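Each protein sequence line maps, in turn, to chains A and B. Going by the working numbering, the letters in the first sequence line up with residues 552 to 952, in that order. Going by the working numbering, the letters in the second sequence line up with residues 552 to 952, in that order.
These aren't lab readings, by the way, just hints derived from the structure by calculation. It cannot be assumed that every hint is accurate.
If chains are identical, the list can't say which one is meant, so a pair holds when it fits in one copy or spans any two.
Straight-line alpha carbon distances no greater than 30 Å define the calculated DSSO-like cross-link-like pairs of lysine-lysine that follow [as the list claims (entries may be wrong)]: (1) LYS643 with LYS881; (2) LYS683 with LYS945; (3) LYS886 with LYS612; (4) LYS644 with LYS576; (5) LYS881 with LYS612; (6) LYS643 with LYS886; (7) LYS881 with LYS576; (8) LYS846 with LYS881; (9) LYS644 with LYS886; (10) LYS836 with LYS818.
Since the structure is predicted, the reported quantities are computational estimates derived from the model, not experimental observations.
There are 2 protein chains.
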Amino acid sequence: MLRENNAGVTLAKGFKASGIKAGIKKSGKDDLAIIYSEVPATVAGVFTQNLVAAAPVWVSKAVAQNGVGQAIVANAGCANACTGEIGFANAKKMAELTAKELNVNAEEVFVASTGVIGVNLPMDKVESGIKKAATALDDNGSIAAGKAIMTTDTYPKACSFTFEIGGKKVNIGGIAKGSGMIHPNMATMLCFVTTDVAISHDLLQQALAKVVTTSFNMVSVDGDTSTNDMVLVMANGMAENVMITTEDADYDAFLAALNTVCTELAKLVARDGEGATKFLEVNVKGAESFEDAKKIAMSIAKSPLVKTACFGQDPNWGRIICAAGYAGAKMVPEKTVVSLGDIVVYDQGLGAEFDEDALRDVMAEHDITINLDLHLGEENATVWTCDFSYEYVKINGEYHT
Amino acid sequence: MLRENNAGVTLAKGFKASGIKAGIKKSGKDDLAIIYSEVPATVAGVFTQNLVAAAPVWVSKAVAQNGVGQAIVANAGCANACTGEIGFANAKKMAELTAKELNVNAEEVFVASTGVIGVNLPMDKVESGIKKAATALDDNGSIAAGKAIMTTDTYPKACSFTFEIGGKKVNIGGIAKGSGMIHPNMATMLCFVTTDVAISHDLLQQALAKVVTTSFNMVSVDGDTSTNDMVLVMANGMAENVMITTEDADYDAFLAALNTVCTELAKLVARDGEGATKFLEVNVKGAESFEDAKKIAMSIAKSPLVKTACFGQDPNWGRIICAAGYAGAKMVPEKTVVSLGDIVVYDQGLGAEFDEDALRDVMAEHDITINLDLHLGEENATVWTCDFSYEYVKINGEYHT
């Protein structure tokens, strides 16, 4: 189903994007992106729940609430967080400058920032950067935009595909950045999704809120929830399907498509976590509730002991069952079965007998699946994360001021 | 006030201890300890809340509940966790073997284990080890006992001192081990406290429960709560003070003494966390409730980004205020003041101006204090932790099977 991944946010009709060098990043890499819809789009957003939310979060929340948007302007290299009134004025100014260049309303421009906390945006560079980015807008600009929002990401993250609603071809795609401060309730995680579907604002917001619960909110890199996270969706209706206004089959088809894009991007974020050498999927099934399943999966995914064990390719099931036991969710050790890949390692309260060579092969893979069956109920949850390596310590332990 | 730290669990009258090599640890280091009171003591205990609790936890809980104990037998090198019925039988057998050697009741012997999960105790070695340890009991045996319970600890942890109750000299002291899987609600954390105070069982248990809340439960090394944690207290009454049976001034004096010992040992556990190069104290004051203060302090102490920043001597206040913001507790960014040592780094929602050289000196110290004043109320909390270093990844990422 997935195709044309490189098309990202420019697969859907009427969307252009660009990414350029404004000079905000010290490294001199691209650091400012614009995504633009030819026509005003229905929009929705979900935002960090961190009480220390950055200025652009407040600006973008207002756009999402209004429900109409035509552009996203995003910068890397400076989070514009903990910057007080100046920061808020700068975020609004970014929207105004972008609106002027694109000849749209400033109230219809989302603003997103990622990077260092506590530093003011260099507005002269931002201003000339926005002009440059507006000129550079391109039907194939998604990759450039994806690169310009990277921080410690090692590659740009994109995904897009086409599906059908009522006989009409509908396109959807997105770009994301992640890497550090990645944890549920959003992270230094930016994700922008564009689609040409026609849908009402209420249902778009509802679909996004639902999908985030099982995609981005199921990713943990380091347990840190950032000040700047947001997932934005713009739906400009140019697919010309009959407007989706109720929870019918068309809505379900769109929900599935949005879920595919968000899940794919969320997994890419976990896969490219800071210093990652392994991609870990933690599946918990047989829980009494989704909340219990999620608590246990997240407890395992966050455990530094489990994550360092995976880095060392150590099938240390003791650390896994231990993390399950302190998750604060209902589980009965004697009923729980733990597998690494397909190999059962813990059963009936005891370590299981297993083929050591086969298990060694499982742990040597880049992608490792940790499975728990609680045998208590019908609910499941899956969390994605990565291992904890020397490189994570190096990336975050270096003094950058 | 603290003195004779080396006396540890053998400062109080009537207590002897020993630590010997039973052959359980692969390294060949000492791995079995006994602590013995000449007369039956009033006892209390607090235990891991991990649902995957090890066999010795169940055995020792029963002793604590009975309220009378005369000995503790503890081994390192094997946690006797996830070992099912065999593990439970082995834990009981340890109590019986110890009781026989010491000529006491098996129901009055605490059992503690720490080490690898999912492996059965080598009972032949345990049996001969218990005989050896019983013979080796000594008035100055605390250091030997402290060494024999170490796992990845780099030094034995002990503390003891003398105070007065009603004109009588009362002694109290303890030993502890920590290092990995260290997080509130106990950790692979064992702590044994002995005192010659005379106190009722109810008040001893009450005092211990209260003290643990602000000492051991305020330590985090890696956020992992172990299967085997316990803090045990034995009070044998040989100080001949008037038995403490109500919450009077004598009780307060004992509570303060117990708090001093437990806090001192808890800080030693944080200081010697796996791979630690820094000791971090996080003080949160001005909270509306202790729970809020604790949530914020713990959120900062657990943040891998804060911990790696401290490893890198980076005064990254953005990560600190960010971790405070996602703690799930009430805080208002604009009212919060963050200091590193005495230097204010964040105030009124913004980074503060500070002397960079002075701040560099603060971060270069081994002990770093992170202070937050929320300016919302009167409640405080202090959490102790350590930094996250390459060495933590090395210790836990090596494949040991």
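> For which of the previously enumerated hints does the structure constitute a violation, in increasing order of number?
Replying inline: 2, 7
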